[in-house]
Structure formats: C-alpha cells, structure tokens
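J.: Given next are the chains, with one letter for each unit.
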Amino acid sequence: MTRWTRNLILAASLTALPACASTPAQRGLMVFQQVCSACHGMEHVTYGDMSRLGLSPVQIRKWAADRQMPNGTDDNGDPKTRPATATDPILSPYPNEAMGRLANHGLLPPDLSRLALTLPRGAEEIRQILLSYAPTPAGVTLDEGRYYNTALKWKHIGMPPPLQDGMLTYPDGTPATSAQMAGDVSAFLDGVAHPHQAKRRRIGVYVLAYLALMALLTFLLQRRIWKGRR
Amino acid sequence: MTSPLKTPDTDPPGWLERRLPVMSLLRRQYVAFPMPRNLNALWSFGAFLIVTMAFMIASGLFLAINYTPDITQAFTSVEAIDRQVPSGWFIRSLHMGGVTMLFACLYIHIGRSLWYGSYKAPRELLWLTGLGLMLMVMVTAFAGYVLPWGQMSYWGATVILNAVHAIPLIGQPLSELLLGGDTLGNVALHRLFVLHFTMAFAILGVIALHVAALHVVKSNNPSGVDPVNPSQTLPFHPYYTSRDGFALCLFLMVYAGLVFFLPDLLTLADNYIQANPLVTPRDIRPEWYFAPFYAILRAVPSRLGGLLLASGSLAVLFVLPWLDRSTIRPATRRPMVRLSLPLAFAAFILLGIAGMHAPTPAWLLASRVAIAWWFIHFLLVMPLASEREMSS
Numbered sequence: 001m002t003r004w005t006r007n008l009i010l011a012a013s014l015t016a017l018p019a020c021a022s023t024p025a026q027r028g029l030m031v032f033q034q035v036c037s038a039c040h041g042m043e044h045v046t047y048g049d050m051s052r053l054g055l056s057p058v059q060i061r062k063w064a065a066d067r068q069m070p071n072g073t074d075d076n077g078d079p080k081t082r083p084a085t086a087t088d089p090i091l092s093p094y095p096n097e098a099m100g101r102l103a104n105h106g107l108l109p110p111d112l113s114r115l116a117l118t119l120p121r122g123a124e125e126i127r128q129i130l131l132s133y134a135p136t137p138a139g140v141t142l143d144e145g146r147y148y149n150t151a152l153k154w155k156h157i158g159m160p161p162p163l164q165d166g167m168l169t170y171p172d173g174t175p176a177t178s179a180q181m182a183g184d185v186s187a188f189l190d191g192v193a194h195p196h197q198a199k200r201r202r203i204g205v206y207v208l209a210y211l212a213l214m215a216l217l218t219f220l221l222q223r224r225i226w227k228g229r230r
Numbered sequence: 001m002t003s004p005l006k007t008p009d010t011d012p013p014g015w016l017e018r019r020l021p022v023m024s025l026l027r028r029q030y031v032a033f034p035m036p037r038n039l040n041a042l043w044s045f046g047a048f049l050i051v052t053m054a055f056m057i058a059s060g061l062f063l064a065i066n067y068t069p070d071i072t073q074a075f076t077s078v079e080a081i082d083r084q085v086p087s088g089w090f091i092r093s094l095h096m097g098g099v100t101m102l103f104a105c106l107y108i109h110i111g112r113s114l115w116y117g118s119y120k121a122p123r124e125l126l127w128l129t130g131l132g133l134m135l136m137v138m139v140t141a142f143a144g145y146v147l148p149w150g151q152m153s154y155w156g157a158t159v160i161l162n163a164v165h166a167i168p169l170i171g172q173p174l175s176e177l178l179l180g181g182d183t184l185g186n187v188a189l190h191r192l193f194v195l196h197f198t199m200a201f202a203i204l205g206v207i208a209l210h211v212a213a214l215h216v217v218k219s220n221n222p223s224g225v226d227p228v229n230p231s232q233t234l235p236f237h238p239y240y241t242s243r244d245g246f247a248l249c250l251f252l253m254v255y256a257g258l259v260f261f262l263p264d265l266l267t268l269a270d271n272y273i274q275a276n277p278l279v280t281p282r283d284i285r286p287e288w289y290f291a292p293f294y295a296i297l298r299a300v301p302s303r304l305g306g307l308l309l310a311s312g313s314l315a316v317l318f319v320l321p322w323l324d325r326s327t328i329r330p331a332t333r334r335p336m337v338r339l340s341l342p343l344a345f346a347a348f349i350l351l352g353i354a355g356m357h358a359p360t361p362a363w364l365l366a367s368r369v370a371i372a373w374w375f376i377h378f379l380l381v382m383p384l385a386s387e388r389e390m391s392s
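Chains as they are written, first to last, in UniProt numbering: chain A, 1 to 230; chain B, 1 to 392.
In case anyone wonders, no lab produced these hints; they're calculated from the structure. Be aware that a few hints might be false.
Here chain B is said to cover these stretches of chain A; the calculated rule only asks that three of the stretch's residues, wherever they fall, bring their Cβ under 8 Å from a Cβ of chain B [to be verified]: (1) 109–117; (2) 188–200; (3) 206–213; (4) 216–226.
Part of the chain B face toward chain A, derived, beta carbon under 10 Å [stated by the list, open to error]: (5) Arg37; (6) Phe75; (7) Tyr239; (8) Asp244; (9) Val259; (10) Tyr272.
Just the calculated beta-carbon pair ranges, DEER-fashion [claimed, not checked]: (11) A:Arg224 <-> B:Ser231: 20 to 26 Å; (12) B:Leu174 <-> A:Asp75: 48 to 54 Å; (13) B:Val31 <-> A:Ile203: 31 to 37 Å; (14) A:Pro120 <-> B:Ile353: 16 to 22 Å; (15) B:Ile65 <-> A:Thr169: 42 to 48 Å; (16) A:Ala38 <-> B:Asn66: 30 to 36 Å; (17) A:Thr136 <-> B:Asn66: 45 to 51 Å; (18) B:Ser231 <-> A:Thr5: 52 to 58 Å; (19) A:Val58 <-> B:Ile65: 29 to 35 Å; (20) A:Leu102 <-> B:Asn66: 32 to 38 Å; (21) A:Arg121 <-> B:Leu26: 52 to 58 Å; (22) B:Asp182 <-> A:Val207: 45 to 51 Å.
For each residue, glycine too, the CB sits at the ideal point set by N, CA and C.
Turn these sequences into a full structure, and let the hints guide you.
T.: Structure follows, in structure tokens:
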C-alpha cells in the first residue's frame with residue numbers, strides 16, 4: 001500500500017470514528033508516552049496539541065504535570081525545573097544535547113516532531129525499523145551501544161529494541177504485540193509530522209465543492225454573455 | 001442588455017468625478033476597454049498572476065506577524081505557525097502553494113508571449129517590465145525560501161551566495177552585503193527577511209507599470225494583427241470579466257488541490273530539518289521553479305561560466321525584441337519558429353527535470369544539449385527567421 005492510500009485511510013478513520021473509540025494514532029500516543037518519551041522528545045509539539053487525538057484537558061494536564069520543564073536557576077546557579085503545562089513543548093528528557101549523547105553512547109536520540117516526514121519512506125520506515133531487530137549474526141561485531149537491525153543500510157542502530165510483546169495494556173483491549181505497537185506508534189508519528197491533516201482534507205473537500213459550483217455558474221454565465229459573439 | 005460601451009460618464013460630473021476622476025478612469029480602463037475578440041485561454045494567465053500575488057501578499061503579512069527572523073527561533077516559529085497558530089497551517093500552505101502557482105503561471109504567461117510574438121513593437125516595454133517582474137519574483141522567492149531556516153534553506157542559500165560571490169567585480173561586495181558577515185547567519189537571515197518583505201511591495205509597483213503599459217498598447221491576440229475598427233473588439237466587461245471569472249475558478253481549484261491535498265509537494269521534506277551548518281544534506285536540490293537554472297549551473301564545469309550561461313539564458317529574452325525583427329507575430333505563421341520554439345520550450349522543461357535529478361553523465365549531457373538549443377533558438381534561429389521573412 002502506498003503512503004498516499006495509507007494516509008487517506010488514516011484521515012478517513014480519524015474523521016469517521018467517534019472520539020471515544022481507540023484509533024491507531026491514539027494507541028500510538030500511549031506507546032509514545034510509555035516507551036518512546038523515555039529518550040525522545042517532540043520539541044515543536046505541545047502537550048495541548050494532543051487534544052486533537054481526543055485526549056481530554058484533564059488527561060493532558062495530568063500528563064504534562066508528570067514531566068519537568070527547565071525553569072531558570074536557583075541562588076547557587078543550579079538549574080531549576082517546574083512541572084510542565086499544556087502549552088509547553090514535549091521536550092526530550094535530557095536537559096541538553098551533551099547529556100543526551102552521554103546517556104546513549106555518543107548518539108543523540110532524534111526529535112520525533114517531523115521524523116515521519118523527513119525519513120525517505122515516511123512512517124512506514126519507522127514501523128519497519130521497530131520490527132527489524134535481530135540477533136547479531138556470527139562474525140559480525142558491533143560497537144558498544146549498537147544493535148543489529150536489518151531495516152537500516154548499515155544493519156545497526158543506536159536505539160536498543162524498544163518494544164516487547166505485552167509491555168503495556170491498551171485500554172480498548174487490543175493485544176499489545178510488538179507489531180501492533182509498531183504500527184500504532186508509526187501512525188501516531190505520521191499524524192504528528194503532518195499536523196491538521198484530517199482537518200485540512202475535510203476543509204479542502206468543501207473548498208473544492210464550492211469552487212466547482214462557482215465554476216459551473218461562471219461557465220454558464222460566460223456562455224450566455226458570449227452567445228452569438230464568436 | 002445595455003452595452004456598457006454606451007453607458008455615458010456621469011453627466012453632469014458628480015462630486016467625486018470633478019475632484020478625482022477615478023470612476024470614469026475605471027470605466028474607460030476596465031469596463032469599456034476594447035479587447036480583441038479572439039483571445040484564447042492563455043490570455044487568462046495574467047489575471048491568475050494578479051490574483052496569486054494578492055494571495056501571496058495577504059498570506060505573507062499574516063506569516064510575518066508570527067515569524068521571528070532569528071536563527072535560534074526562525075525554525076521554531078515556522079513550526080508554531082504550522083501547528084499552534086490558529087489557521088496557521090492554512091495561511092502557510094496558501095503562501096507555499098502560491099509560489100508554485102505564481103511560477104507556473106509566470107512561465108506559461110511568458111511562453112504565450114513568445115509563441116504569439118507579444119514582445120514585438122509596440123509592446124517592447126510591456127515585455128521588459130514583465131521580464132523585470134520575473135527577476136524580482138525570483139529574488140523574492142529565493143529570499144523567502146531561506147526564512148524557515150531548514151536544511152534546504154541553509155544549503156540552497158549557501159549555493160546561491162557562493163554563485164553570487166563568483167560574479168566578477170560586483171560579486172564579492174554583493175554577497176557581503178547580503179551576508180553581512182563571513183558566514184550565513186543571523187545578520188543574513190534578518191537581511192533576507194527585509195529583502196523578501198520589501199521586494200513583495202516593489203513587485204506591486206512594477207505590476208502597476210506593467211498593467212499601465214498594457215493599457216497603452218492594448219492586448220496582442222492569436223492572429224497577431226491588431227484590431228483596427230471597433231467591430232473587431234469587445235468591451236472588457238462583461239465579455240472578459242465573465243470569461244476570466246470562469247478561468248479563475250478552474251485555476252483556484254488547482255491551487256486548492258495543492259494547498260489542501262498535496263501540501264508535501266510544495267517543499268522538500270529536508271526543509272523540515274532545522275538548518276545545521278555542520279551537516280550537508282545528501283543532495284542539495286532547488287525547488288522545481290529554479291531547477292532549470294540550477295541544471296545550467298551544474299552542466300558547466302566552471303563556476304563563472306555556469307553563472308554566465310544561467311544569466312545569459314534570461315538575458316537573451318531581454319534582447320529578443322531586437323533579435324527578432326520580423327513584423328509577423330504568431331509562431332503559427334512562421335514556419336521556422338513554429339518548429340524551433342517548441343523545441344526551446346522542451347529544452348527548458350528538460351533542464352527543469354535534469355535540475356531535480358542527481359548529476360549523472362546522462363543528465364549532464366541532456367542539460368548541455370538543452371542549453372545549446374536554447375541559445376541556438378534565440379541567437380541564431382530568431383534572427384535568421386526574421387531576416388528571411390523580412391526579405392520575402
């Protein structure tokens with residue numbers, strides 16, 4: 001299935017389902033909250049932006065309050081933090097790039113805001129990477145902090161295998177297999193990388209319908225005006 | 001229906017008319033204005049350009065309100081426009097889609113002038129102001145593309161400013177003026193923002209000149225013979241207002257299709273990665289509307305040579321009214337031009353495709369053949385054809 005048709009189906013499912021039912025993107029948000037956000041941030045996305053996925057204001061505030069934001073320095077010059085609010089960006093858990101590299105064998109976990117747009121194969125590539133971990137074959141030695149992964153050109157990645165079957169429980173009862181979670185989180189990241197996509201297409205249909213009607217009316221008008229003049 | 005041609009100016013003249021005769025001016029220029037009867041759909045692209053420019057200025061003002069021209073915040077402020085600013089995603093898509101529509105219409109508008117000989121006497125100034133507008137739109141588009149401060153913004157600007165640097169004599173001072181320092185940084189971003197903003201309004205001024213020139217020399221038409229008596233003309237309103245109205249609806253449908261359904265086509269995905277002077281992207285590609293000129297830059301082994309040919313490819317258009325002295329306007333009535341000009345159009349499109357591909361030997365060869373034909377058409381075929389037509 002092409003990226004196009006997948007996006008279309010995703011957009012259709014977002015508009016068609018009532019907010020209480022669980023969509024892949026909503027389940028993907030859960031995976032992000034409980035798994036990805038241990039190392040990754042989405043620095044251009046705010047907690048409040050998640051209301052588009054049907055998260056209630058209470059849920060958003062509760063999630064944000066669990067996370068810390070840098071908040072200047074104290075009298076000794078040491079950094080202070082405060083609980084995040086709905087308008088704060090979803091920052092990486094590392095206070096700066098150096099700390100992020102220190103914790104990950106010199107590699108910085110990338111920001112996820114636009115990852116599904118900037119990877120050449122989009123969200124599908126994220127799904128494949130998450131599902132392509134394998135035991136390191138005999139004869140291959142990898143540096144410390146590198147993991148064998150067949151989805152990448154160089155067959156290794158700095159991210160430890162993040163998903164295990166049943167590591168979380170979906171409230172809607174969907175079995176949390178690795179494949180399910182990988183699909184869900186890539187759908188979620190696809191939505192994050194294409195903000196307002198469902199709304200964009202919904203409005204687009206109305207705009208095109210309006211313009212088509214106007215085109216028909218102006219066509220009839222100009223034909224009447226030009227009658228016998230050619 | 002009463003013909004607007006016969007509607008007399010207010011008699012006796014009203015209060016406004018006696019002080020500032022704008023209403024009679026509008027009636028003369030936009031209601032009763034005589035137009036050739038035989039214009040085809042290609043004559044609607046000027047109207048498309050005006051409408052797109054209006055969209056660009058309006059959306060640009062709202063973008064400027066939310067944009068921060070500072071290298072630490074530019075990328076973040078553009079992301080905020082796309083994500084958090086109410087309707088920001090729409091305004092930004094309108095602006096990005098507008099660039100594509102503007103260039104597409106510009107190239108078609110210019111192609112139409114070339115095909116029907118609209119650049120010939122007495123329309124030389126109309127042609128020159130139009131080409132001037134194209135150059136101004138190019139400068140504005142370049143400056144605007146740097147503003148989001150993504151990877152392509154940064155590295156595209158680096159390529160262009162290096163090219164500017166290679167111009168003899170004025171190149172170095174000009175690139176220093178744009179950069180305001182040794183490297184592409186905060187000062188340059190601020191200057192390019194001001195340049196982008198100022199050029200937009202300068203373009204409006206030159207559009208006024210272009211339209212004024214059009215209203216003096218009147219529209220060319222597909223037959224290439226100017227109408228001599230009123231029976232060969234129709235008033236602008238309602239004939240061409242209704243027709244342009246219909247064409248505009250179709251045009252806006254294409255524009256809306258881009259904005260609402262294909263927003264990813266409007267820019268390269270790499271520009272959603274923040275500019276990083278330490279990481280060069282795998283391949284630096286321009287947007288489609290600069291691709292033909294980028295292909296010329298790459299196809300010539302010397303930097304200065306590439307720059308000369310790329311600017312020369314536009315310079316030949318500026319001198320075209322004097323290279324082509326024939327009084328026959330439309331290519332349809334000129335056997336040599338009818339064959340040669342479509343090939344020149346094809347060469348331009350081929351260069352555009354080559355500019356968006358990696359520079360493999362095959363694409364470089366294709367680019368070189370296309371460049372050669374472009375110059376052969378304008379510098380050899382046009383003077384030869386006009387000489388032959390004038391002597392026969």
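J.: For each hint, tell me whether it holds in the structure or not.
T.: Hints, verified against the model:
Residues of the stretch 109–117 of chain A with a Cβ under 8 Å from some Cβ of chain B number 3, which satisfies the need for three, so the listed coverage holds. Only residues whose C-beta sits within less than 8 Å of a C-beta in chain B count toward coverage, and the stretch 188–200 of chain A has 5 of them, enough to reach three; the restraint holds. Look at the stretch 206–213 of chain A against chain B: 4 of its residues bring a Cβ nearer than 8 Å to a Cβ of that chain, three or more, so the hint holds. Chain B is given as covering the stretch 216–226 of chain A, and this holds because 6 residues of the stretch bring a CB closer than 8 Å to a CB of that chain, at least three being needed.
Hint on Arg37 (chain B) holds. Least Cβ distance to chain A is approximately 7 Å, under the 10 Å limit. Checking Phe75 (chain B) against chain A by beta carbon gives a least distance of about 8 Å; that is within 10 Å, so the hint holds. A hinted interface residue such as Tyr239 (chain B) counts as satisfied when its beta carbon comes closer than 10 Å to some beta carbon of chain A; here the least separation is about 6 Å, so the hint holds. Here the hint on Asp244 (chain B) is kept, as its CB sits about 9 Å from the closest CB of chain A, short of 10 Å.
For Val259 (chain B), the interface hint holds, since its Cβ comes within 10 Å of a Cβ in chain A; the closest pair sits about 7 Å apart. Interface restraint check for Tyr272 (chain B): the shortest CB-CB distance to chain A comes to about 4 Å, inside 10 Å, so the restraint holds. With their beta carbons about 21 Å apart, Arg224 (chain A) and Ser231 (chain B) fall inside the hinted range of 20 to 26 Å. The hinted window of 48 to 54 Å between Leu174 (chain B) and Asp75 (chain A) holds, with their beta carbons roughly 52 Å apart.
For Val31 (chain B) paired with Ile203 (chain A), a C-beta distance near 35 Å keeps the hint of 31 to 37 Å intact. Checked against the hint of 16 to 22 Å, the C-beta distance between Pro120 (chain A) and Ile353 (chain B) comes to roughly 20 Å, which is consistent with it. Judged by the Cβ atoms, the range 42 to 48 Å given for Ile65 (chain B) and Thr169 (chain A) holds: they are separated by roughly 46 Å. As the Cβ distance of Ala38 (chain A) to Asn66 (chain B) is approximately 33 Å, the hint placing it in 30 to 36 Å holds.
For Thr136 (chain A) paired with Asn66 (chain B), a C-beta distance near 49 Å keeps the hint of 45 to 51 Å intact. Between Ser231 (chain B) and Thr5 (chain A) the C-beta distance comes to about 56 Å, which sits within the given range of 52 to 58 Å. For the hinted restraint 29 to 35 Å between Val58 (chain A) and Ile65 (chain B), the CB-CB distance of approximately 33 Å keeps it satisfied. Checked against the hint of 32 to 38 Å, the C-beta distance between Leu102 (chain A) and Asn66 (chain B) comes to roughly 36 Å, which is consistent with it.
Between Arg121 (chain A) and Leu26 (chain B) the beta carbons are some 55 Å apart, a value that agrees with the proposed interval 52 to 58 Å. For the hinted restraint 45 to 51 Å between Asp182 (chain B) and Val207 (chain A), the CB-CB distance of approximately 47 Å keeps it satisfied.
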